[in-house]
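The task is simple: from the sequences and hints, build the whole structure.
Residues per chain are reported as follows:
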Amino acid sequence: MIEIREVSRRGFLQGIASAGGFVLFAGSAAAALWTEQSAGGAAVSGQPVLQPSIFLGIDTDGTVYIVAHRSDMGTGVRTSLPRVLADELDADWKRVKVQQADADERYGSQDTDGSHSVRDFFDVMRNVGATGRLMLVRAAALHWGVLESECTADLHTVVHGATSRTLGYGELASAAAKVPVPKKEELQFKPRSSWRYIGRKVESYDIVDRCTGRPIFGMDLHQDGMLYASVERPPVLGGKVKSCDDKETLQVEGVRQTVQIPPFKPPHLFQPLGGVAVIADNTWAAFKGRKKLKVTWDNGPNSSYNSDQFKNELLETVRKPGKVARNLGDVDAEFAKGGKTIEAEYYVPHLAHASMEPLVAVADFRNGKITTWAPTQNPVGDQETVAQILGLKKEDVTCHVTLLGGGFGRKSMSDYVAEAAVLSKNIGRPVKVVWTREDDIRFDYYHTVSALYFKAVLDEHGKPSAWLQRSVFPPIGSTYDVSSTYGGREELGMGFTDVPFDIPNHRVENGPAVAHVRIGWLRSVANIYHAFGVQSFADELAHAAGRDPLEYQLALLGQPRTVADVKTPPGYALDTGRLRRVIELAAEKSEWGKRKMGKGEGMGIAAHRSFLTYVATVVQVEVSDTGAIRIPRVDVALDAGTIVDPDTVSAQFEGAAVFGASLARTGEITATNGAINQSNFHDYQVARIQDAPFHTNVYIVDSTAPPAGVGEPGVPPFAPALCNAIYAATGKRVRELPLSRNGFS
Amino acid sequence: MVQLKVNGVAHSFTGDPEMPLLWYVRDILGLRGTKFGCGMALCGACTVLDRGKAIRSCVTAMSTVSGKDITTIEVLSLGGLHPVQRAWIETNVPQCGYCQPGQILQAVSLLNTNPHPTAKQIDEAMSGNICRCGTYQRIRQAIEAVSKEAK
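If you're matching them up, the sequences are chains A and B in order. Residues -18 to 726 in my numbering are what the first sequence lists, from first letter to last. Residues 1205 to 1355 in my numbering are what the second sequence lists, from first letter to last.
Just so you know, the hints here were simulated from the structure itself, not pulled from any lab data. These numbers were taken from a predicted model, which means no experiment stands behind them. Where a beta carbon is used, it is the ideal one built from N, C-alpha and C, also for glycine. Among the hints, erroneous ones may be present.
Stretch by stretch, here's where chain A covers chain B in the computed footprint (C-beta under 8 Å, at least three residues) [what the hints assert, rightly or not]:
(1) 1218 to 1227
(2) 1246 to 1257
(3) 1277 to 1283
(4) 1299 to 1308
(5) 1324 to 1333
(6) 1339 to 1351
Here's what the structure looks like:
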């Protein structure tokens, strides 16, 4: 749980003091908090009179300003969290203006990853809303000379019921600013039945901008006097420039100069990769000049990396015992008894994020300070990385956040912002570094490559009496420590050590693997390969046992219970009853077992809990004689606890099905001699409209449980559900992704 | 010298003839609603209209645009939201929205020539426009809604 230091006055004053000489009651708001930086760079100052918290301001004209401190990459968080605050404030949504926060630790975590936003800030937003409402009510009571308890808030006004007098929030703002900020213990919250916005559909805040071509994204940034840069980076991780001939580059119309960026010092963390930057008057000139560079590289030791060979190494490793990450009962003793034994190995390759907006950042270094603008998931991470690389104090680094044209985890890694910062300092001008699609795919922090091994012995009912599962993958830890080879607790907790099956003997192991490319987070992270292995193997066992895969899933889960040995945040116990319920709901809605499947048609199911959300996915597939796949229908049931906007949640799961279809059908990054083979959408294919599920139906369990994640949990069950459907349709078991490697198209 | 019209305004260009229309529109004219996605006509983010027909501005060199009459996303809503934009908003199509100017102009181009496309025709017409957020089913629904409205 996040501590609400912002609503205590002490915390508020401290916070404001560090923002630079702000007087609480003077009505001169801290400009840093209330300066909206549009992508075009124009500053719009709100300067609201009443500021109960750094998240909220109310002006005398009744405008309510709510700070969006998390990054919106398409999840709608710029709408959903402010809606929670507005609901508790009892504000009129039509009079709310949302302002994007700069990097500022006082907001709490701004690192928008891990499907955390609503989960971690739902209560924070309610606290702030309730604080503002109480201050307004108290101001009205003072004004009327009546008891506070006789006054109530009602849609942007405070009402004195006995005399039918009302005052608008704008009319009250100045008076409320003189009311002491209440203590947390004084706050009263609206009952769920009075929620105006939470749980209801609304247009997302920026939707008109998003449909009319407003310059809202990082790619649209523009600063006066800005130059453009494109960077030729070492093709192999850790490579260095041996020589660079830029004569022809400098002859290109619009090219100004070239700048060498030094290589990183290991570990690479979020440092720029190094290379040669071409600085020009426009993007095209920078691209064209870069093509004319003649650079030779010292590729270094990672040039030994060949992903085909590495795959065999991973498979060899996964066949050997690894470190035990979870153990129930005695798997070995049970295996020794013999019985029907099933083994299987699975493989999932590297993936690239490929957001539609390639990486881009603007930096402006002047007078020993730097300002950056970027479509970033992690502005404080940008601030820390830039400060460290330029040797600046954190307070001399200002990081602005634009809307993001997708992110999927890539834009939480700050190398692209740091690159712009290094270049701006070097050339003494504001500079915009634009990554090409080729850069975006070749210089990613890749989703790791993994191999998985499973073994189970079945009892007389066909249910496993012992189950062994093992994974190996170069871990994300390698980005922080080059010697890191074992999966971190967080990675293993993503669908591996938290498998909630009711199996008496169950062991989870992890083996070592060395990273040769940068490894990072990609939408749902380790859940992708873990769910693929676990849910494919469960389906294999169902068929081996001659049982219906859906009924078998329920049998594996056993009776509804809390899985005691899996650690969870308070209030989020792993409840197999909730997982059973989404399976049953998906079964019912998809008419599992009731719809007649023709030749080459089949249905598959997978269920997976991730980011504290329970999801079951049923995929229907059609496979032609030549292996062409069509996905006419997907049914997804989910329990994400309390939700803010059902339509936004639905959209995230529709999108996750498409993301899952992309990675399952064609998602594959490979390397030869350390360099990435793929470069653009012709060789790193993602789902197009005809490849995506034709229709995904989303069913949300009505729940009063605390909110859980929605951005990522739809992804993990999709690939195994699709492959299980392909097995049902064709009898062909897919143990290696993508499908394009298995004769399917 | 290259002479063309962009959003009804005549322009002349004397710079690098190899410069794609995309970068002319974005960096020189400052119309940044047209997006860069791939540079190879693979994703459709850069879609603009030439006399109502969708073209990929990222592979359209300035040397080839003489006499073209280009429409970008910025002016589609000049006289109020275009029916396609209205349908996009009503269907809550965009997630991140980065590809949507291209998707919207591609849909406008489709409906200009075929006001009542079938689902299959929609998929064929929209297959060159990638949406990584995965809004495809809502894109199809929105186009179908415009088609229905026009009946």
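Here is what the structure says about each hint:
Only residues whose beta carbon comes within less than 8 Å of a beta carbon in chain A count, and the stretch 1218 to 1227 of chain B has 6; three or more means the coverage holds. Only residues whose beta carbon comes within less than 8 Å of a beta carbon in chain A count, and the stretch 1246 to 1257 of chain B has 3; three or more means the coverage holds. Proximity of the stretch 1277 to 1283 of chain B to chain A, defined as three or more residues with a beta carbon under 8 Å from a beta carbon of that chain, is established by the 4 residues found. Using a Cβ-Cβ cut-off of 8 Å, 8 residues of the stretch 1299 to 1308 of chain B lie near chain A, which meets the minimum of three, so the contact claim holds.
Counting residues of the stretch 1324 to 1333 of chain B whose C-beta sits closer than 8 Å to any C-beta of chain A gives 7, which meets the bar of three, so the coverage hint holds. Counting residues of the stretch 1339 to 1351 of chain B whose C-beta sits closer than 8 Å to any C-beta of chain A gives 6, which meets the bar of three, so the coverage hint holds.
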